[in-house]
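Student: Residue strings, one per chain:
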Amino acid sequence: MNVLAIVEQRMAGEVLAAAQQFAASLGTEVVTYSIDLPYTADAYAAAAEELIRKVNPQLVVFGHTYQTRDYAPKLAARFGRFLISDVIGGKPPVFVRQMFQGKLNADVRLVGDGPHFVSVQAGAWHAVVTEPAETFSPDLSASRLRQVPEAPFREAARAVDLTAADIIVSVGRGIKEKENIPVVEALAQALGAELAASRPICDAGWLPMDRQVGSSGQTVSPKLYIAVGISGAIQHLVGMKGAKTVVAINKDPDAPIFEVAHYGIVGDLFEVVPALVEEIKKSKA
Amino acid sequence: MKIAVAIKQVPLRDSPLRVNAAGTWIDQDTLGFEINEPDAYALEEALQLREKHGGEVIVISAGPARVSQTIREALAKGADRGIHIESNLAGLDALGVATLLAGALRNESPDLILTGLQSDDLGYGQTGVILAELLGLPSSTIIMQVEIQPGKVRVKRELEDGWFQHIEMPLPAVLTIQSGLNKLRYATLMGIKKAKTKEIKVITLDGAAEVPPASAVIERLYAPEKNKQGQIFDGDPKTAAAKLVEKLRFEARVL
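Quick mapping for you: the protein sequence lines, in order, are chains A and B. If you read the first sequence in our numbering, its first letter stands for residue 1, the second for the next number, and so on. If you read the second sequence in our numbering, its first letter stands for residue 1001, the second for the next number, and so on.
These are calculated hints, taken from the structure and not from any lab test. Keep in mind it's a predicted model, so treat the numbers as computed, not measured. Watch out, some of these pointers could steer you wrong.
Cut-off 30 Å, straight-line C-alpha distance, at most; resulting in silico cross-link-like pairs (DSS-like, lysine-lysine) [claimed, not checked]:
1) B:K1226 with A:K244
2) B:K1238 with A:K241
3) A:K251 with B:K1243
4) A:K284 with A:K91
5) B:K1243 with A:K223
6) A:K176 with B:K1002
7) A:K176 with B:K1238
8) B:K1201 with A:K241
9) B:K1243 with A:K284
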């Protein structure tokens, strides 16, 4: 009973690294496959089901990509299992995953016989070099494929290119309401910085979508990134952890953003940010 | 059309979370609860689709007695009726919960089932997809746009790195909704008043419910280890701000 790594282009090296570690702890080998079919949830669930019945692994490992999220839970359910998704560490039978948006971690223990299903978080394992995986492309009856996909596309070019900014002031939920945005705008202005935001701020329409930093927005690596009222969910961190210097301002000392911050101020942003603006102006005078 | 929205009740966003004495879950006694935010967007999408196409919006949720409050709030926003599967959900994983939801929805035969893409507490992100599998329906995830056409639905699915894709599938179908695809409405006073008279069907589990055994259990819940300690300034905002500016100028040299 081996470990089956089902890889796609995205995260292939990380998935293999995790699978190798899991296999080593189980004293077994990794078998790596990629599914070579036009993607739909139905096609991949059906193909992966066949693949698993053929390989008969005790553990199936995926990257926690949007694609995995789209079909792997369906696949696992066919084996009476659910997907232990988005794990950041551990090895069978106990995996570590974040809960409550990264505020707490959980050790999750597998129960029962395999196959079990695990997806690993982007950035949690160091990628290893991968050989091209063996491809699997079974003949599927068309009647099983209900989704009809169109070609992927991008929206019109972004109006704002945050990737070129030296300094970014980024705002999160802590700002509470749209009317408070000028508080952080003043800071951005004092620093000559671009203003950015975490996803919920753009979701709410308080700042335009093209100012979003994170997994569904832009990935930035400025010299200075000031996160104001951002708790630091993983979806945000992946977009900004390349910044040279990270400053976090948050009222919650346990906010995950402080884990990646070089400097932090624990306090009420509505007091801290204006004070910071004053000090910056003073230092530039 | 008949639209079902699966919603989950989760701790209030800014709740201080304490791990219980057994170290296996959070202490819930002092917590407030609210609708899982991605599910609020799913509910809003359902209400807008009903405004466009007519029909009925049913909210369904599994959880203990307190969940009825969250269902009532969804009714106040405009959902027509609710289904509450009353259960403490002990020992259930996402497959177990989806099995409960599927059992209740099978009789309803909705044309469309919506739910949020993931929960803010457990964050497994798969209840909707499993639900589709159990009901034998097609599904698509992380949806940014829903367009109903005769007998089918065309959706805009979010991919990574700013890419999107349109997908069509026959109805009935299950979609998991991405936050931010619409603007959430507030309950009106009239809505709150009306909600009091709307039906919430309570399904109490008699223990006979056939739920697959869990694939995994939470063995331990804990605060993440602090890996890297930056320099943290607290206390008086003015002093902290002055210290920070000094560090940024002379230590990090980024100002």
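Student: Hint by hint, say whether it matches the structure.
Tutor: The hints, checked one at a time:
1. B:K1226 with A:K244: Holds, at roughly 20 Å.
2. B:K1238 with A:K241: holds (27 Å)
3. A:K251 with B:K1243: holds (17 Å)
4. A:K284 with A:K91: Cα-Cα ~52 Å, so violated.
5. B:K1243 with A:K223: holds (19 Å)
6. A:K176 with B:K1002: violated (35 Å)
7. A:K176 with B:K1238: Distance of about 22 Å is within 30 Å: holds.
8. B:K1201 with A:K241: It is violated: about 47 Å lies between the C-alpha atoms, which goes past 30 Å.
9. B:K1243 with A:K284: holds (15 Å)
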